[in-house]
Every structure is written in structure tokens, then in C-alpha cells.
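Protein sequence lines correspond, in order, to chains A and B. My numbering puts the first residue of the first sequence at 12, with every later residue one more than the last. My numbering puts the first residue of the second sequence at 12, with every later residue one more than the last.
These are computed hints drawn from the structure, not numbers from a lab. Here a beta-carbon is modelled for each residue, glycine too, at the ideal position from N, C-alpha and C. Keep in mind that a hint or two might mislead.
Said to hold, decoys possible - Listed below are several chain B residues computed to face chain A (Cβ distance under 10 Å; list not exhaustive):
no.: 1; residue: Ala30
no.: 2; residue: Thr33
no.: 3; residue: Thr187
no.: 4; residue: Arg196
no.: 5; residue: Gln231
no.: 6; residue: Arg239
There are 2 protein chains.
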Amino acid sequence: MPEFLRLQAPFEARERWLAQVTHRVGVETLPTVDALGRVLAEPIIAREPIPAFPRSTVDGYAVRAADTHGASESLPAYLQVVGEVPMGRAPEFTLAPGQAAVIHTGGMVPPGADAVVMLEHTQRSREDEVEVLRAVAVGENVIQVGEDVQQGQEVLPAGIRLRPAEIGGLMALGQTRVKVARRPRVGILSTGDEVVPPDQPLQPGQVRDVNSYTISALVQTHGGEPVRYGIVPDDFDALMQATQRAFEETDMVVITAGSSASTRDMTAQVLNSLGEPGVLAHGLRIKPGKPTILAVAQGKPLVGLPGNPVSALVNAWHFVVPALEKLQGVTVTRPRPQVRARLAGNLPSEAGREEWYPVRVRQGEDGSLEAEPIHYRSNLIFRLAWADGLVPVPEDATGLPAGTEVVVFLW
Amino acid sequence: MPEFLRLQAPFEARERWLAQVTHRVGVETLPTVDALGRVLAEPIIAREPIPAFPRSTVDGYAVRAADTHGASESLPAYLQVVGEVPMGRAPEFTLAPGQAAVIHTGGMVPPGADAVVMLEHTQRSREDEVEVLRAVAVGENVIQVGEDVQQGQEVLPAGIRLRPAEIGGLMALGQTRVKVARRPRVGILSTGDEVVPPDQPLQPGQVRDVNSYTISALVQTHGGEPVRYGIVPDDFDALMQATQRAFEETDMVVITAGSSASTRDMTAQVLNSLGEPGVLAHGLRIKPGKPTILAVAQGKPLVGLPGNPVSALVNAWHFVVPALEKLQGVTVTRPRPQVRARLAGNLPSEAGREEWYPVRVRQGEDGSLEAEPIHYRSNLIFRLAWADGLVPVPEDATGLPAGTEVVVFLW
Chain A
12 MPEFLRLQAP FEARERWLAQ VTHRVGVETL PTVDALGRVL AEPIIAREPI
62 PAFPRSTVDG YAVRAADTHG ASESLPAYLQ VVGEVPMGRA PEFTLAPGQA
112 AVIHTGGMVP PGADAVVMLE HTQRSREDEV EVLRAVAVGE NVIQVGEDVQ
162 QGQEVLPAGI RLRPAEIGGL MALGQTRVKV ARRPRVGILS TGDEVVPPDQ
212 PLQPGQVRDV NSYTISALVQ THGGEPVRYG IVPDDFDALM QATQRAFEET
262 DMVVITAGSS ASTRDMTAQV LNSLGEPGVL AHGLRIKPGK PTILAVAQGK
312 PLVGLPGNPV SALVNAWHFV VPALEKLQGV TVTRPRPQVR ARLAGNLPSE
362 AGREEWYPVR VRQGEDGSLE AEPIHYRSNL IFRLAWADGL VPVPEDATGL
412 PAGTEVVVFL W
Chain B
12 MPEFLRLQAP FEARERWLAQ VTHRVGVETL PTVDALGRVL AEPIIAREPI
62 PAFPRSTVDG YAVRAADTHG ASESLPAYLQ VVGEVPMGRA PEFTLAPGQA
112 AVIHTGGMVP PGADAVVMLE HTQRSREDEV EVLRAVAVGE NVIQVGEDVQ
162 QGQEVLPAGI RLRPAEIGGL MALGQTRVKV ARRPRVGILS TGDEVVPPDQ
212 PLQPGQVRDV NSYTISALVQ THGGEPVRYG IVPDDFDALM QATQRAFEET
262 DMVVITAGSS ASTRDMTAQV LNSLGEPGVL AHGLRIKPGK PTILAVAQGK
312 PLVGLPGNPV SALVNAWHFV VPALEKLQGV TVTRPRPQVR ARLAGNLPSE
362 AGREEWYPVR VRQGEDGSLE AEPIHYRSNL IFRLAWADGL VPVPEDATGL
412 PAGTEVVVFL W
């Protein structure tokens with residue numbers, strides 16, 4: 012049987028896997044100022060309208076629109092100025108017919124007034140009189156009560172991640188505390204007898220642990236809390252014990268397997284033994300990432316990543332990030348950041364697997380964006396550090412020629 | 012004089028302004044695990060090569076390539092198996108001609124060997140003998156010492172922001188502490204007699220402070236540390252005193268002015284009085300954002316933003332974010348996250364100013380992305396909370412018709 016029939020299509024496997032992820036992190040109540048990047052656990056309903064009073068959108072004069080009917084430069088309407096609307100307070104007067112009041116942008120339109128004339132369309136002839144040089148319609152330059160947000164309106168749904176604008180919206184409503192999903196705790200294990208902590212001197216044959224740290228960082232950038240369980244030797248019992256502990260203590264477990272086939276199989280065995288349904292995919296039609304393992308136990312997502320650092324990080328981005336969203340109950344997904352660029356070199360690829368290629372994006376001589384492929388053979392982490400993003404080459408393509416317009420998914 | 016001649020082109024004004032920002036935040040040394048999102052203060056030079064020993068890229072047999080010359084399925088080369096390379100240690104043997112050793116992916120190629128034959132291209136006939144079914148060239152399936160990174164190579168320049176891949180690269184080199192730019196402290200002031208803290212009940216005529224919080228959140232998402240100086244009344248002396256204090260205590264000051272023309276002028280006066288060169292731009296050909304003020308004093312950037320929340324946040328994104336980068340010494344700029352989409356409705360715009368329009372991005376019926384314009388008149392913050400990003404309409408265009416392909420800059 013050809014290999015591509017045994018391997019699963021990566022993103023269909025991901026959908027099947029995520030569908031089984033039923034575990035959810037708990038909910039906590041936070042001050043809104045501390046909730047940036049968190050996911051709302053319940054919808055926000057406006058307890059009051061915005062604005063709560065009729066507001067002027069310009070500097071000028073509050074008037075009764077009817078009093079300005081037919082007014083023009085040559086035939087102004089003369090209105091009696093009865094006062095000035097104070098900022099931040101309700102005016103203490105009511106406009107009667109033939110009257111006007113000075114008002115500033117954001118000021119409360121006084122009772123009796125139904126429009127505001129812009130300062131530019133007036134002339135102050137006398138202390139107590141203003142000439143209106145242009146007619147205004149009822150409601151002109153006024154925001155009505157509830158025009159932006161009505162009382163009882165759902166302004167933000169549950170499952171939305173809070174960006175600066177949402178934080179501001181909550182503040183506008185006086186919602187200074189919010190219920191949000193707890194940060195998902197992600198247990199991270201590295202395996203491999205050759206892997207040592209980065210702060211230790213290297214002996215011949217040893218390499219430093221990179222994956223624990225790149226995956227921790229990725230988890231942090233996507234709202235999770237990494238919990239590192241260190242480096243586990245290539246030993247079934249040791250891996251089983253460490254993984255079980257991580258599984259009990261966290262919401263999701265990510266193991267970066269050693270690089271040899273036998274340690275990858277050991278990882279799959281361990282992940283499969285944690286509970287039902289166990290391993291759902293082992294081997295995907297994707298490069299890098301073919302040996303990726305997707306599993307679920309007790310509704311919690313479990314991921315086995317290839318040991319080489321490029322493959323581990325790229326596939327953490329493909330699989331760990333969406334699982335983090337699911338654990339937090341994200342319902343509003345934003346488009347993934349990307350740019351379009353023209354390939355500055357050929358991208359080789361084999362048919363039968365989707366390939367994700369690191370590229371650097373730069374401004375070409377004509378000012379348009381170019382994507383320069385970063386060729387790698389040994390999957391070193393610096394190849395990714397030098398990249399701005401990844402270009403997918405579809406499964407049915409045998410590479411893309413230089414000059415092709417491609418979408419670069421930014422890191 | 013037509014207004015657009017008095018107003019400055021926004022991004023040219025920004026360049027002139029940033030050129031005068033000579034202040035830099037200090038440098039601090041951090042554990043690399045805590046440096047995610049920080050900006051490197053000095054280049055990273057590899058103190059050792061990566062890999063530090065010749066590594067196998069496959070599971071198989073380490074051999075002398077010459078011994079496999081002419082080997083094929085029908086005429087295998089028979090080699091004596093002298094041992095197995097342990098993971099994480101140097102092998103204790105040297106290969107002599109006619110010998111081979113079991114090796115795993117990532118294992119150290121033993122002295123005497125110069126290539127690795129993949130397991131798939133071998134057959135183990137006897138305990139001490141392997142049949143090699145395919146010839147290998149010298150160096151095949153081996154990464155040489157320094158092939159990825161050479162000793163003394165600059166692997167990361169100063170001024171790069173550390174993403175997960177860079178954190179991993181630093182760990183691969185054993186660089187567990189790094190010198191990075193301190194987080195810039197940004198002093199944030201809101202002005203307006205009508206503005207009250209979000210946790211207070213609203214009286215008629217009052218609105219809650221939104222801008223202090225949206226700008227704080229934006230500063231946080233771009234590596235800065237917001238310092239809120241609260242709400243200052245519309246009074247020159249009070250604003251002067253609060254601004255001076257913020258100026259002394261922080262690296263950058265951002266004031267969101269009250270909404271009326273007089274309070275905006277007051278902000279410009281205050282910013283102009285802090286030192287040379289003072290206000291460089293007051294009034295830009297951009298919507299929203301026309302009343303934006305760009306100033307510099309003692310090399311520190313100062314920004315006056317319009318009071319309405321949409322305008323304040325959009326222009327903080329245009330002007331505060333690049334100033335934060337400059338303060339941190341960023342030299343490597345990444346492409347701004349964006350997507351391309353087809354406009355689902357007309358975007359009205361006036362010629363003579365660049366307009367940035369909030370849109371929501373959604374999947375259209377044919378699967379392609381559509382950008383749905385979010386129309387706003389009163390600049391409420393929820394209009395931005397409902398948007399995925401902004402579409403620029405160039406200064407010389409009078410709107411864009413539905414169906415136009417546009418670039419959406421994501422928040």
C-alpha cells in the first residue's frame with residue numbers, strides 16, 4: 012500500500028481529533044484591565060444604552076430644527092442664546108422656541124433642542140444672540156440615546172478573545188470585571204537520551220533541549236500556561252510515569268518525541284494508554300510533521316510531535332494552537348495573519364503530502380513583496396528564526412515555480 | 012487655503028516625527044525563557060557550531076561510503092556490524108574498512124564512518140553482518156559539524172523581537188540569558204470634564220473613560236508597559252502638571268484629548284511646552300485621526316490623540332506602536348498581519364485624506380474572504396470590537412465600490 016494511503020490528511024485528521032476534545036478549562040472572574048487576550052466565558056449584555064443621553068457630535072449651537080427652517084447666509088435665523096451646556100453635566104435649562112445654547116462635542120443636547128448647528132455655520136452677532144446661516148434637520152449632529160448600543164443588546168458573544176477594542180467596549184459599559192476562561196495549562200515533555208537542558212555544557216553526542224522552550228513560548232503567545240516536565244529518557248516506564256503526572260495536572264499534554272522511529276512508537280503507546288479514545292492519528296500527509304500523533308483521553312487533547320525543532324514548532328502551530336482555542340471555548344475565530352508575496356525562488360515538493368515551507372518576506376525592487384524560500388535539510392531551529400512565515404504547497408502540487416503568487420502565513 | 016494643504020500627509024509626518032525620537036529605553040539581562048516578545052539589545056554570535064558533531068539524519072547504519080560502491084538489491088555489500096552508536100554519547104569505537112554500526116536519527120557518526128545507509132536500504136542477515144542494498148555517497152544522510160550554524164556566526168541581529176523560534180535558537184546555543192531592551196513605559200492621560208472612571212455610576216452628561224484602557228492594552232500587546240495617570244480635567248494648569256509628571260517618569264506620553272476643539276488646542280500647547288523640538292504635526296490628512304498631534308521633547312515621543320475612542324485606538328495603532336518599536340531599538344520589521352478580501356459593500360470616502368475603514372472579515376459563499384464594512388458615525392468603540400481589521404482607502408480615491416479586492420490590516 013503506498014505510504015500516502017496509510018497516512019491521514021492532516022487537517023481532516025485535526026477536525027476529527029478536535030471534535031473529541033470535550034474538556035474545557037474552568038472559568039475565573041478577572042478585573043477587565045487584566046483580561047487582555049483572555050476568552051469571554053459568557054456573553055456581555057449592555058445594562059444601559061450608549062450613549063445614555065443625546066450627545067452632540069460637533070462644536071456649535073443646540074437648537075430646535077424648526078427655528079432654522081429656510082436659514083441661509085443671506086437670510087440668517089436669529090436665535091436667543093440662553094446659556095452654555097457644561098461638559099459632563101446635564102444643562103440646567105430647557106430650550107424654548109427661538110432659543111439656542113452653546114454646546115461642545117460630546118455635550119448633552121438640552122431638553123427642548125432636537126439638533127445642533129455646527130459652529131462654522133453660525134455667526135455670533137451679539138452676546139445674547141446667534142445668527143444661524145444654514146438650516147438643520149431634526150436629529151442633525153446628534154447621537155440619540157441607544158444609537159450605538161441599546162440596553163439589553165448582546166454586545167460581545169461568549170467565546171470571543173479580548174483585544175484592546177473589546178477591553179474598551181467593556182469599560183464603556185462600566186463592566187470592570189469579566190468572566191473569562193482560565194488559562195489552559197499545557198504539560199510539555201521532551202524525550203531523547205541525547206537531549207540535555209540548555210544550561211548544561213554539551214558532551215559529544217548531546218544536543219540541547221529546544222522543543223520544551225519553543226512550545227512553551229508558542230503556548231504563551233496563544234493564551235496558555237506552559238508547565239515544563241523536563242527531559243525524559245528513552246525508557247517506556249519513565250515516559251509513562253512522567254506523562255501520567257502531566258496528564259493529571261494539566262489540560263493538555265504535548266510530548267516531543269526523540270528523533271528515532273522507536274522512540275516515536277513509544278510515545279504513541281504511552282499516549283494511547285492514558286484513556287479512551289486514545290490515538291486517533293499517527294502519521295500525517297504533511298511535511299514537516301509526518302510522525303505527528305493526535306490523541307484524546309478523558310476529553311483532553313494529547314499531541315506527540317516529531318523531535319526535530321522545526322517540525323515540532325511548525326506542527327505545534329498547526330495542532331497545539333487550535334486545541335488551545337478549543338479548551339478555552341473560542342467561538343469567534345479571526346482570520347490567520349498572512350501576506351501575499353511572489354516567490355523569489357522555486358519551492359520543491361513531492362506530490363502526496365502538503366508541504367509547509369519557511370520563507371523570508373522582503374520588499375522587492377519594484378516595492379512589491381517577495382517570499383524568499385529558506386531551504387533546510389537538517390531542520391535547524393534557526394531556519395525558522397530567519398523566517399517570517401510559512402507557505403503551504405498543496406498535496407497535489409509538485410513544487411511551485413519562482414514568480415508564483417503565494418500566501419505566506421505569518422508566525 | 013484648502014484644508015488638505017494645511018494638514019500633513021500622515022505617514023510622511025510620522026517618518027519626520029520618528030526621525031527625531033532619539034530616546035532609547037535601557038537594557039536589561041533576562042533569562043531567555045522570560046524574554047519572549049522582547050527586543051534583542053545585542054547580536055547573538057554562535058559560541059559553538061551546530062551541530063557540534065557529525066549527526067545522522069536517519070535511522071540506519073554508519074558506513075564508509077567507499078564500502079557501498081556498486082551495492083544493489085541483487086549484489087549487496089556485506090559489512091561487519093561492530094556495534095551500535097548510543098544516543099547522547101560518543102561511540103567508543105572507530106569504523107575500519109568493511110565495518111558498519113547501527114545508528115539512530117540524531118546519533119553521532121563514529122570516527123572512520125563518512126555516510127549513513129537508511130535502514131530501508133539494508134537487510135540484517137546475521138547478528139554480526141548487514142547487507143547494504145544501495146550505494147551511498149560520502150556525506151549522505153549526515154549533517155556535518157557547523158553545517159547549520161558556524162562558530163562565530165551572527166545568528167540573530169540586535170533589534171530583533173524574540174518569537175518562539177528565536178527563543179529556541181538561543182536555547183540550542185546554550186544562551187540561557189540575553190540582553191534585551193527594557194519595556195518602554197508609556198504614560199497615558201485622558202482628558203475631558205465629561206469623562207469618569209469606568210467603575211463609577213454615570214451622571215447625565217458623563218461618559219466612561221475608554222481611551223486609557225484601549226491604549227494601555229495596545230501598549231501591552233506591543234511590548235510596552237502602560238502607566239495610567241488617570242483623567243485630567245479640561246484645565247491648562249492641571250493638564251500641564253500631570254503631563255510633566257508623566258513625561259519625567261516614562262519613555263513616552265500619550266494624551267487623549269477631550270473632544271472639543273478647545274481641549275485639543277490645549278493638549279497641543281502642553282505638549283509643545285515640554286521641550287525642543289515640540290509639536291511637529293498637528294492635523295493630519297487621515298480619517299479617523301485628523302486632530303492627531305505628534306511631538307518630541309528631549310528625544311521622547313509625545314502623542315495627542317483625538318478623544319473619540321475609535322479615532323484614539325486607530326491612531327494609537329498608526330503612531331504609538333511604531334514609536335514603541337523605535338524606543339526598543341527594533342531593526343528587523345516584520346510584515347504587518349493582513350488578509351486580502353473582496354469588499355461586500357461600498358466604502359464611501361472623501362478625496363484629500365486617507366481613510367481607514369473598520370471591516371469584518373467573513374467567508375463568502377464561494378469560500379473566498381469578504382470584507383464587510385462596519386459603518387459608523389459616532390465612533391463608538393464597539394464598532395472596532397466588531398471589526399477584524401482596517402481597510403485603507405487612498406487619499407486620491409473617492410471611495411471603493413463593492414467587489415474591489417482590498418487588503419485588510421488585522422488588528
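Going down the list of hints, with the structure as the test:
For Ala30(B), the suggested interface contact is broken, since its CB lies about 20 Å from the closest CB of chain A, more than 10 Å. Here the hint on Thr33(B) is broken, as its CB sits about 26 Å from the closest CB of chain A, past 10 Å. This hint holds: Thr187(B) has a C-beta 5 Å from the nearest C-beta of chain A, less than the 10 Å allowed. Taking 10 Å as the C-beta contact cut-off toward chain A, the hint placing Arg196(B) at the interface is violated, the least distance being around 16 Å.
Nearest Cβ of chain A to the Cβ of Gln231(B): about 6 Å, under the 10 Å cut. The hint holds. Taken as an interface hint, Arg239(B) checks out: its beta carbon lies about 9 Å from the nearest beta carbon of chain A, inside 10 Å.
Figure legend: structure checked against the earlier numbered hints; hints not met, in rising order: 1, 2 and 4.
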